[in-house]
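Participant: One letter stands for each residue in the lines below.
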Amino acid sequence: MPDTIPAPALPVGHYGYDQVDRAFLADRVEQFRDQVARRIAGTLSEDEFKPLRLMNGLYLQLHAYMLRIAIPYGVLDSRQMRELAHIARTYDRDYGHFTTRQNLQFNWIKLEDTPDILARLADVDMHAIQTSGNCIRNVTCDQFAGAAKDELVDPRVHAEILRQWSTLHPEFTFLPRKFKIAISGSPNDRVAARFHDIGLVAKPAPDGGTQFDVFVGGGMGRTPIVGVHLRDDLPEEDLLAYLEAMVRVYNEYGRRDNIYKARIKILVQALGTEGYRQKVDAEFAAMNRARYRLPPETVAAIRARFGTPDLHAPDDAPAQLDRARRAEPAFDRWVRTNTHPHRAPGYISAVISLKPAGGIPGDATSAQMDLIADLADRYAFGEIRVTHMQNLVLGHVRQDELHAVWQALRGADLASANIGLIGDIIACPGLDYCSLANARSIPIAQKLSARFASPELQETIGPIEIKISGCINACGHHHAGHIGILGVDKKGEEYFQLTLGGSPGSDASVGQILGPALPEDATVDAIARLVDAYLVHRTGDERFLDTYRRLGATLFKDAVYATA
Amino acid sequence: MPLLENGRLVADAWTTLDAESPLPATGAVIVPLSRLEEGLARAPGEKLGVVIPQDAEIDTLRTVLPRLSLVAVTFPIFRDGRAFSQARALREHLHFTGEIRATGKPLPDQYEFLLRCGVSTVDLPPGSDPEVWAHAHTRFRTAYQPSVLGERAEGATLRRVL
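First to last, the sequence lines map onto chains A and B.
Sequential numbering of the first sequence, starting at 1, is according to my numbering.
Sequential numbering of the second sequence, starting at 565, is according to my numbering.
Source of the hints: derived by calculation from the structure; they are not laboratory data.
Quick caveat, the model's predicted, so the values are computed rather than measured.
Heads up, a few of these hints could be off.
Using 20 Å as the maximum straight-line C-alpha spacing, the simulated SDA-like pairs for lysine to any residue come out as follows [stated by the list, open to error]:
1. 178(A) / 658(B)
2. 669(B) / 570(B)
3. 669(B) / 52(A)
4. 669(B) / 44(A)
5. 261(A) / 643(B)
6. 50(A) / 658(B)
7. 149(A) / 558(A)
8. 279(A) / 622(B)
9. 279(A) / 618(B)
10. 669(B) / 35(A)
11. 279(A) / 661(B)
12. 261(A) / 669(B)
13. 279(A) / 658(B)
14. 669(B) / 173(A)
15. 178(A) / 570(B)
16. 669(B) / 49(A)
17. 178(A) / 673(B)
18. 50(A) / 642(B)
19. 261(A) / 644(B)
20. 50(A) / 669(B)
21. 669(B) / 48(A)
22. 261(A) / 641(B)
Here's a subset of chain B near chain A, in silico, CB distances under 7 Å, partners left out [to be verified]:
23. 652
24. 681
25. 702
26. 704
27. 708
Quick list of the computed label-pair ranges, beta carbon to beta carbon [said to hold, decoys possible]:
28. 150(A) / 630(B): 30 to 38 Å
29. 643(B) / 473(A): 15 to 23 Å
30. 702(B) / 94(A): 38 to 46 Å
31. 301(A) / 579(B): 23 to 31 Å
32. 627(B) / 42(A): 46 to 54 Å
33. 702(B) / 310(A): 28 to 36 Å
34. 716(B) / 123(A): 22 to 30 Å
35. 657(B) / 552(A): 46 to 54 Å
36. 552(A) / 643(B): 42 to 50 Å
Glycine is no exception: its CB is placed at the ideal position from the N, C-alpha and C atoms.
Model the full assembly from the supplied sequences, consistent with the hints where possible.
Facilitator: Printed below as a string of structure tokens:
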């Protein structure tokens, strides 16, 4: 095998644009350029401009404009990653922030630069369409899609179909509220399907095709709810028609009088699962099914625009990996914590942690982005995935080359061995950036990851998910954290409320409030005591979540409030 | 108010009545939903239209639809997208072939969406620049999903040629 894999004609892992797709994007960029020009000239007021800029992912935050760039189903190629690095260097402060929707945000953008940035993005088939607004947002996907050993169906082709279908959808671009869809093809839920407006799990159908489990009405925010299971047998050909029916019922009946009660979860709760299902079924029955059918030829045509990796590892690749692991304990630990089993012999998926001790979760510098792009080209078919946990993944790495990948990552502070461990924290941007926040989430994340920096300690503690939101809107997913931390404002002071027992996965649950909120300077110590209590009471290699579920909140309450 | 059809200003052949104005015995009139019975009581040959609010159930028009030549849907604010679903239901569920008129405060940036949901004319909101609407009409060449208009698919893809 040569050192570098030649770039394939089509990108591995995501849909490859053709001239029609590029022309479409170019038209949209020109449309936005006009709108920005009208705003700068003053012929558009901020009120009139706001919905237009939001359609292009441009938010006005506390200190500057923020541009959120879509990374469909979290997959991008090395060329796209280098462009993001270039934009970070040229138009921002030399870094970008990977988000829980597998997107990328630039936090320090100038309005007048945005048309040029969007044009540059369009050059590499990227955009910011529908990264905000009350429309169908970026469809998220399993970060190990197409690679995971436990996967039944690669969901990315269907994720791309959903992306295209929802792009500037004529009927569903002004919904009551934003709308988030996640799709997985594995029975082990890594996409939080039950916490989405619609969660889809693809699986083989009895006839050899594909069918879907459909969850609806999950969500976080002020009213955290685990979604209900609507269907277990949705055929592929009805995927779009049935989703049209589901979203249409929401568009017609979802509440528009109160922004906090406008998500589909509130509608599903109000109608009841059966009531909602009846309306959807009636809508579906009345539809022009021929027009909205998704024929296998269309699935095949879109699948044909995906590049596929040519997976051929040397027979002794696993043996080489074993030797490297035995020789170097730090590498061995990283392999234990930061990799995922691959379906192909001799391959493995590697997770690049964007959670260094004391760092800001999800941030990457332009130099790091460039390095990751180089590694992707050299070792992973040019393909990079973003995880909803705000890390990155090289999906297809040869086991005999994994050590070289690790060494390169280590040199760029990208090899923290903490995936799924206490240092792998999700945090929203919080009061450092966001105008909605009550409290600063990032400093708590930094202090926690510094406190638990030791890889040995993290591995001893085992799987535990800490998620931090700076306000009740729950962008940091605290409701789904094994330990959730919510920033609240108490008479102008930042306080943090702990919830325990949340889980985003197949065993989805909403965390329960432990007790009174803690002052900022007591929060990290309180969590340390909570973790100590867990270590005392766990049996065997029981996860924190399972100990909590077995023993309840009392002992953790005692530990947290003992000296507080 | 100026009326737009196919991206161009056209003469409005209809008289829109409010809740109180007397109903003329002849001529094309658009009545509010509350006066629909009154409108239907006119001679069967007289052209009748109705304005429906954004929260009306389209199915309630099912029996009277053969008597209607126009249904006006309402955008109280541009962000309230219920009228998109209403227009589509009129076309696809009730097979309405008359004029669907968008009223209220839609944006020119929504013109393509309006058309693709089955709207045929737009009652331009006060202060609208017809040029901006005209430009919006021809701006885009491709969409990524089927619509009421039944546009031609590009090969086996989801793309539709506008």
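Participant: All hints, please: hold or fail.
Facilitator: The hints, checked one at a time:
| no. | hint | verdict |
| --- | --- | --- |
| 1 | 178(A) / 658(B) | violated (29 Å) |
| 2 | 669(B) / 570(B) | holds (18 Å) |
| 3 | 669(B) / 52(A) | holds (15 Å) |
| 4 | 669(B) / 44(A) | holds (16 Å) |
| 5 | 261(A) / 643(B) | holds (16 Å) |
| 6 | 50(A) / 658(B) | violated (36 Å) |
| 7 | 149(A) / 558(A) | violated (42 Å) |
| 8 | 279(A) / 622(B) | holds (14 Å) |
| 9 | 279(A) / 618(B) | holds (18 Å) |
| 10 | 669(B) / 35(A) | holds (18 Å) |
| 11 | 279(A) / 661(B) | violated (25 Å) |
| 12 | 261(A) / 669(B) | violated (24 Å) |
| 13 | 279(A) / 658(B) | holds (17 Å) |
| 14 | 669(B) / 173(A) | holds (16 Å) |
| 15 | 178(A) / 570(B) | violated (31 Å) |
| 16 | 669(B) / 49(A) | holds (15 Å) |
| 17 | 178(A) / 673(B) | holds (19 Å) |
| 18 | 50(A) / 642(B) | holds (12 Å) |
| 19 | 261(A) / 644(B) | holds (15 Å) |
| 20 | 50(A) / 669(B) | holds (16 Å) |
| 21 | 669(B) / 48(A) | holds (12 Å) |
| 22 | 261(A) / 641(B) | holds (19 Å) |
| 23 | 652 | holds (6 Å) |
| 24 | 681 | holds (5 Å) |
| 25 | 702 | violated (11 Å) |
| 26 | 704 | holds (6 Å) |
| 27 | 708 | holds (4 Å) |
| 28 | 150(A) / 630(B): 30 to 38 Å | violated (57 Å) |
| 29 | 643(B) / 473(A): 15 to 23 Å | holds (19 Å) |
| 30 | 702(B) / 94(A): 38 to 46 Å | holds (41 Å) |
| 31 | 301(A) / 579(B): 23 to 31 Å | violated (50 Å) |
| 32 | 627(B) / 42(A): 46 to 54 Å | holds (51 Å) |
| 33 | 702(B) / 310(A): 28 to 36 Å | violated (44 Å) |
| 34 | 716(B) / 123(A): 22 to 30 Å | holds (29 Å) |
| 35 | 657(B) / 552(A): 46 to 54 Å | holds (52 Å) |
| 36 | 552(A) / 643(B): 42 to 50 Å | holds (45 Å) |
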